[in-house]
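Q: Next come the chains, spelled out residue by residue.
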Amino acid sequence: MKCGGFRVSYRADERIFDTILPIVGVVALLAVLCVVPRFATTYWLDVLNRIGIAIIGALGLNILIGYTGQISIGHAAFLAVGAYSTGILEVNVGLPFYLAIPLAAVITSGFGLIFGIPSLRLRGLYLAIATLAAHFITTFVIVHWESTTKGVLGLMVPPATVFGLPLDSDARVFYLIFALVAPAILFTKNLFRTKVGRAFIAIRDRDVAASVMGVNLLRYKLLAFVISSFYAGVAGGLMAHHSRILFPDSFTLLVAIDYLAMIIIGGLGSILGSIFGAVFMTVLPEVLKLTATSLTGVYPQAFGLIASTRDVVFGLAVIFFLMYEPQGLARIWVRIRSYWQLWPYSY
Amino acid sequence: MRRVYGPLARFVLVGLLAASVGAAPAEAQNVIKLGNLVDLTGPTSDQGKDIAQGRTDAVQYINERGGVNGKKLELVSVEYGFQPPRAVAAYKKFVEEDKVLLVLGYGTPDTEALRPYITKDKIPYLSGSYSGHLTDPRQTPYNFPGGIDYTSQIRIFLNYVKETWKDASRNPRVAFIYADNAYGRAPIESGRAYAKEVGVDLVDEEIIPTILTDATSQLLTMKKKDPDFAYINTNTQWVPVVLKDSYKLGLKTKYVVNNYGLDERTPSLAGPAAEGVVGIQDVAYWGDSVPGMKILMEFHQKHHGTDTHASPYMRGWLWVIVAAEAIKRAGNNPTGESIKNALESFKEFDTWGITPPFTYTNEDHRPTNRARLVMIQGSKIVPMREVSVDRSMKWIGK
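Chains C and R, in that order, give the protein sequences.
Convert by adding 74 to the 1-based position in the first sequence; the result is the number in our numbering.
Convert by adding 4 to the 1-based position in the second sequence; the result is the number in our numbering.
Some clues are possibly wrong.
Stated by the list, open to error - A partial selection of chain C residues facing chain R, derived with a Cβ cut-off under 8 angstroms:
hint, residue
1, Tyr117
2, Val215
3, Gly378
4, Ser382
5, Val386
As the list claims (entries may be wrong) - Capping the alpha-carbon separation at 30 angstroms, the derived lysine-lysine pairs in DSS-like fashion look like this:
hint, chain 1, residue 1, chain 2, residue 2
6, R, Lys76, R, Lys402
7, C, Lys224, R, Lys402
8, C, Lys224, R, Lys75
Hints are computed from structural coordinates only; laboratory data are not their basis.
Fair warning: this is a prediction, and the values are worked out from it, not measured in the lab.
Using N, Cα and C, we set each Cβ at its ideal position, and we do this for glycine too.
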């Protein structure tokens, strides 16, 4: 029986799964996902759809912040560009969704390229503020370019049609979303087995040293922004098809902070972390909402109190998780897994 | 390890248990569920708290008297912070999981966003939003604004300007100051059209953020155009900011505020800046001598006599009264469609005197065309006169 990480060839080193069991698990998970829409209620499908969108967005942000170390709070802006581009391409230009979403993602990458330019000169907090500019500029354009985006009144997006079948329910959009989540995860996993991925990690760890070693900072920092924004563009396009009406209010700064929270709680620099974080940040408010609603059913007069404390509970939950595991949920998962894998020797 | 995961596990377990308690419903046949959307943490939370309290109290009052047609009413309440995406998610839950028969809606952005869903699902939507875009049954047959619509209100404002203007040498100049969201913008287009119609010059429009901390820059821009009157279309929390900044800048403009912008708290919030400000009153103020006020005050005294209420509390009661009456008229097995038809049978329905009587028809979902103008004088709200606009079909749905 192998103990720890025992690899004898480069090929084995590059493998994602060392044993058969995880592969079986993933296939089983995919099978379950295919069947879920038959049984789940619209409410939970809506939650799952939002989780799927969040996974893609969080993966993108984790590539930028977790793997490349470029702090960005403009992620909501890129989601907005992706969503509105998809909407406008479908409504005004009449493109079908399988052209609109990729094209919107490319447009969003362009935005990412432009707003990533400050990263060449700025680091850390300064870069964060520079990306804030991306957020405000994008929001302003969306709200005031009413002729195209319909401003605060909301842009309605027609449902995507697949061979004439409209994807107008959460059950159907589920397939579209998760058909894109799987490649997104795979692509990210693969990215960090390549030269580009290693360059990103080198930049995060010590960008001056990386540049001395021959990593072209200009190229790779901008590439990180481009790839991250591409993910955000896809996530935004899926948001457009999920909620089918886009408001500037759906892309506030709080959304960017939510995504930041997702990857921090989930685990920076970890794909599983992005997934866990996305699930956590989407499900926790729902659990709290259900608790609040059921408690209100029992104590109707306390509705105000319960609803107001919901946000407090949310904040406390986030603090609680970070206190017990600063490296995020992914690390908790790895710890649990190692405990079982390596029992009784937990080293 | 155990030290770490013990409290963690307990926390998660408690949360899940609490959620499952709610998720295991007593699917009783003698309960009618009403969806309830409220803002308790967002930009309209000062009104949302009173509205939520009013709705809860009204439902409790009705249930204490045996409910509607022998069935108790139950509010399925979701707090959504005035964010349309959360409202859309809550609505989906109302329809799919809770199977509500009617939704007590709240804000304009979310109500307008939900229009196609409501029509498709055939769920009557009695909203706190009085947007003109909800008043045309041909477009939105299931939307019922719970009060005089914003388009009628802006027409009342322009009529008032025309009546009060004494200088024959020129037309009066007006400005619109409105919040940067669907609620603020709802009546503006119709306002522009009506201003042209009655011969009032619209010289300026100023857009203020939903959450307003400082209106100085917008007011300075407005000052250059020197309007004689200005219409403020935002919420009670933010109107005093506009008034105080205007007072500070020494503007001579006379302000008229819509129904959701002025209530009993405005004089104390805005201080001397509120003198002479006119408001459009759609619902009775706390303590007004209307028949229903006695019931509300008794209930309040009995259950939570220590807190205070303003007009949004009355609105909370009002909408539940309307909903309950519609459900009663729909008979023993109400459906969304039968409740909608029942609402459209309302003819001069007496809302306990809290508002002018409500009339909904299958061609016109504007409940009333009457309101009252009030003016703040000496830090008090003084009623001026009853006003009304014609029920011209020209303004339906706009």
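Q: Just pull the numbers of the violated hints for me, sorted ascending.
A: Of the numbered hints given earlier, those the structure breaks are 2, 5, 6, 8, listed in rising order.
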